[in-house]
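Chains as they are written, first to last, in numbering that gives the first Met the number 0: chain A, 0 to 110; chain S, 0 to 110; chain G, 0 to 141; chain D, 0 to 141.
Bear in mind the hints are in silico, worked out from the structure with no lab data behind them. One thing to keep in mind: the hints can contain errors.
[Claimed, not checked] Taking lysine-lysine and the DSSO-like style, the derived pairs with C-alpha atoms no more than 27 Å apart in a straight line are:
#: 1; chain 1: G; residue 1: K61; chain 2: D; residue 2: K61
#: 2; chain 1: D; residue 1: K67; chain 2: G; residue 2: K63
#: 3; chain 1: G; residue 1: K71; chain 2: D; residue 2: K61
#: 4; chain 1: G; residue 1: K61; chain 2: D; residue 2: K136
#: 5; chain 1: G; residue 1: K100; chain 2: A; residue 2: K98
#: 6; chain 1: D; residue 1: K90; chain 2: S; residue 2: K95
#: 7; chain 1: D; residue 1: K136; chain 2: D; residue 2: K63
#: 8; chain 1: D; residue 1: K100; chain 2: S; residue 2: K70
#: 9; chain 1: A; residue 1: K70; chain 2: A; residue 2: K41
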Amino acid sequence: MLVQSFLEDRNLVIKIEGDIDHHTSEEIREKIDRDYFREKAKNIVFELSSVSFMDSSGIGMLIGRYKNIEKQGGQVAICNVSENIERIFNMSGLQKIIKCYTTLDEALKEI
Amino acid sequence: MLVQSFLEDRNLVIKIEGDIDHHTSEEIREKIDRDYFREKAKNIVFELSSVSFMDSSGIGMLIGRYKNIEKQGGQVAICNVSENIERIFNMSGLQKIIKCYTTLDEALKEI
Amino acid sequence: MEFDNEMNIIMDSNSRNEAFARVSVMSFVSQLDPTMADITDIKTSVSEAVTNAIIHGYNNEKGKVYLKCGYKDNNVYIEIKDDGVGINNIKEAMEPLYTSKPEMERSGMGFTVMQTFMDSLEVISEEGNGTIVKMIKKISRS
Amino acid sequence: MEFDNEMNIIMDSNSRNEAFARVSVMSFVSQLDPTMADITDIKTSVSEAVTNAIIHGYNNEKGKVYLKCGYKDNNVYIEIKDDGVGINNIKEAMEPLYTSKPEMERSGMGFTVMQTFMDSLEVISEEGNGTIVKMIKKISRS
Ligand SMILES: Nc1ncnc2c1ncn2[C@@H]1O[C@H](COP(=O)(O)OP(=O)(O)O)[C@@H](O)[C@H]1O
Ligand SMILES: Nc1ncnc2c1ncn2[C@@H]1O[C@H](COP(=O)(O)OP(=O)(O)O)[C@@H](O)[C@H]1O
Chain A
0 MLVQSFLEDR
10 NLVIKIEGDI
20 DHHTSEEIRE
30 KIDRDYFREK
40 AKNIVFELSS
50 VSFMDSSGIG
60 MLIGRYKNIE
70 KQGGQVAICN
80 VSENIERIFN
90 MSGLQKIIKC
100 YTTLDEALKE
110 I
Chain S
0 MLVQSFLEDR
10 NLVIKIEGDI
20 DHHTSEEIRE
30 KIDRDYFREK
40 AKNIVFELSS
50 VSFMDSSGIG
60 MLIGRYKNIE
70 KQGGQVAICN
80 VSENIERIFN
90 MSGLQKIIKC
100 YTTLDEALKE
110 I
Chain G
0 MEFDNEMNII
10 MDSNSRNEAF
20 ARVSVMSFVS
30 QLDPTMADIT
40 DIKTSVSEAV
50 TNAIIHGYNN
60 EKGKVYLKCG
70 YKDNNVYIEI
80 KDDGVGINNI
90 KEAMEPLYTS
100 KPEMERSGMG
110 FTVMQTFMDS
120 LEVISEEGNG
130 TIVKMIKKIS
140 RS
Chain D
0 MEFDNEMNII
10 MDSNSRNEAF
20 ARVSVMSFVS
30 QLDPTMADIT
40 DIKTSVSEAV
50 TNAIIHGYNN
60 EKGKVYLKCG
70 YKDNNVYIEI
80 KDDGVGINNI
90 KEAMEPLYTS
100 KPEMERSGMG
110 FTVMQTFMDS
120 LEVISEEGNG
130 TIVKMIKKIS
140 RS
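From just these sequences and the hints, can you work out the full model?
Okay, structure coming up:
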């Protein structure tokens with residue numbers, strides 16, 4: 000699992016590669032929370048095209064970021080959901096809480 | 000595991016994809032022996048670029064074909080040994096028994 | 000039950016083994032040549048149950064997680080067992096969004112995932128006596 | 000021995016499980032981030048020992064193959080056990096090119112592979128009392 004982040008205006012783009020499960024979620028969470036404050040970001044955009052697997056721990060991690068960032072007055076968006084995680088994505092109802100976009104450009108424009 | 004074969008003059012080219020272990024060796028052997036007689040081939044060239052794994056059962060299968068084809072007055076050659084199986088290839092000393100070539104063209108020319 | 004093929008794994012209660020459990024089950028079940036969708040469903044459900052054993056059953060402490068997997072024709076049987084704290088109220092635990100560890104950012108969706116992705120789910124547990132999760136999936140050949 | 004992480008697999012003596020055993024061990028050992036060369040060495044050695052249990056130990060008949068894998072620091076310990084026919088003359092069995100099943104196109108190189116690819120190999124066996132193969136590999140992190 001690999002997490003990369005970069006700032007685009009005040010949007011922190013998080014690109015996750017590999018599996019998101021309970022084990023890797025902890026690492027992902029720590030890296031995101033650290034980068035968010037260090038970069039003085041406002042919003043977070045998750046780029047998920049390279050995620051090979053995700054279970055409900057990933058749902059919890061995404062909702063956790065959403066709650067934190069909302070408290071800071073920011074927004075969270077998701078884009079490029081990989082085929083591998085479409086099934087859990089659809090069943091989780093995450094889209095009702097967090098906005099999903101097809102491309103990163105679209106997400107950055109709309110957020 | 001997938002075995003494909005085609006005839007080039009009287010050389011039967013055998014392309015193996017996937018793992019060569021004891022389980023798959025039996026299938027590979029049966030297919031080769033069937034095709035060799037059906038196609039009235041003389042020689043066999045193994046194209047091994049897509050082999051993901053091989054253990055000593057694979058060595059046994061290759062030597063087994065070598066022995067059979069020799070009895071028929073034919074030759075066996077190997078080409079395009081994939082990186083995945085270089086280690087077992089080198090330790091097995093197979094090159095002392097069966098000729099190895101870098102490319103299929105070379106193997107077909109020299110055989 | 001007499002399976003066509005069967006395997007048992009005993010692993011440490013270590014979150015690194017969540018991936019190990021998924022890959023092992025995937026490799027075993029791939030003998031049936033299932034569709035990608037079925038593989039993903041099974042992998043995800045195994046991940047949920049093994050994670051639960053580690054974080055809820057053993058509270059992230061030492062223990063052993065038992066995984067059994069067998070198939071007969073096109074039916075895959077999976078059993079995940081721990082000797083951990085057990086579940087007091089199974090009905091409540093299985094409700095969507097219920098979690099006893101919201102501070103750990105659990106979504107409370109684990110059992111819902113298993114129920115949705117597998118064809119049958121049975122949870123056997125008692126406070127102080129560990130938990131057994133039994134799942135069955137009828138797979139389609141790819 | 001107290002490992003950093005440990006797993007045990009019990010599987011049917013079924014040649015399909017040769018690949019399952021390899022993939023499971025590979026997934027488990029990958030927690031140490033080993034080089035590709037080390038992974039290949041371990042996968043190949045596991046494949047040899049599991050194959051031997053199935054075709055020699057159990058003569059391709061029903062039985063259980065036991066695989067134990069643990070690591071401590073950079074050392075990987077693997078044990079493969081069967082309750083099959085056992086080995087009468089271990090020294091002879093371990094000689095390169097020796098095989099009791101030439102008619103099955105065995106190369107007689109299985110033990111030689113394990114000896115070459117692993118850092119230590121121990122074979123414990125007795126006629127009629129099954130076989131245990133113990134291997135250790137010190138891995139380099141990639
Ligand atoms: N193996 C287990 N041992 C003890 N309690 C468990 C176990 N599995 C699940 N539970 C309980 O059931 C609840 C719901 O589980 P689940 O639906 O997977 O959601 P989550 O893991 O996100 O909490 C858990 O919060 C926990 O209280
Ligand atoms: N698990 C086992 N049970 C019984 N006999 C075994 C076992 N493993 C190895 N042997 C014996 O040792 C011989 C050499 O094994 P090996 O070097 O792996 O070569 P091969 O498998 O090609 O015969 C076998 O032919 C067999 O007689």
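Here's how the hints hold up against the structure:
1. Proximity of K61 (chain G) to K61 (chain D) is assessed by CA-CA distance (about 34 Å); at most 27 Å being required, the pair is judged violated.
2. Only pairs whose Cα atoms come within 27 Å are accepted, and K67 (chain D) paired with K63 (chain G) is accepted, the gap being roughly 14 Å.
3. Taking the CA atoms of K71 (chain G) and K61 (chain D), the gap is about 16 Å. The hint holds against a cut of 27 Å.
4. Distance hint between K61 (chain G) and K136 (chain D) is fulfilled; the C-alpha atoms sit about 26 Å from each other, no more than 27 Å.
5. Taking the CA atoms of K100 (chain G) and K98 (chain A), the gap is near 26 Å; set against the 27 Å cutoff, the hint holds.
6. A hinted pair counts as satisfied when its Cα atoms are at most 27 Å apart, and K90 (chain D) with K95 (chain S) qualifies at roughly 26 Å.
7. With a CA separation close to 25 Å, the supplied pair K136 (chain D) and K63 (chain D) stays within the 27 Å bound.
8. At most 27 Å may separate the alpha-carbon atoms for a hinted pair to count; K100 (chain D) and K70 (chain S) meet this at roughly 21 Å.
9. A threshold of 27 Å between alpha carbons decides the hint, and for K70 (chain A) with K41 (chain A) the separation of about 11 Å falls inside it, so the pair holds.
When each numbered hint is compared with the structure, a violation occurs for hint 1 only.
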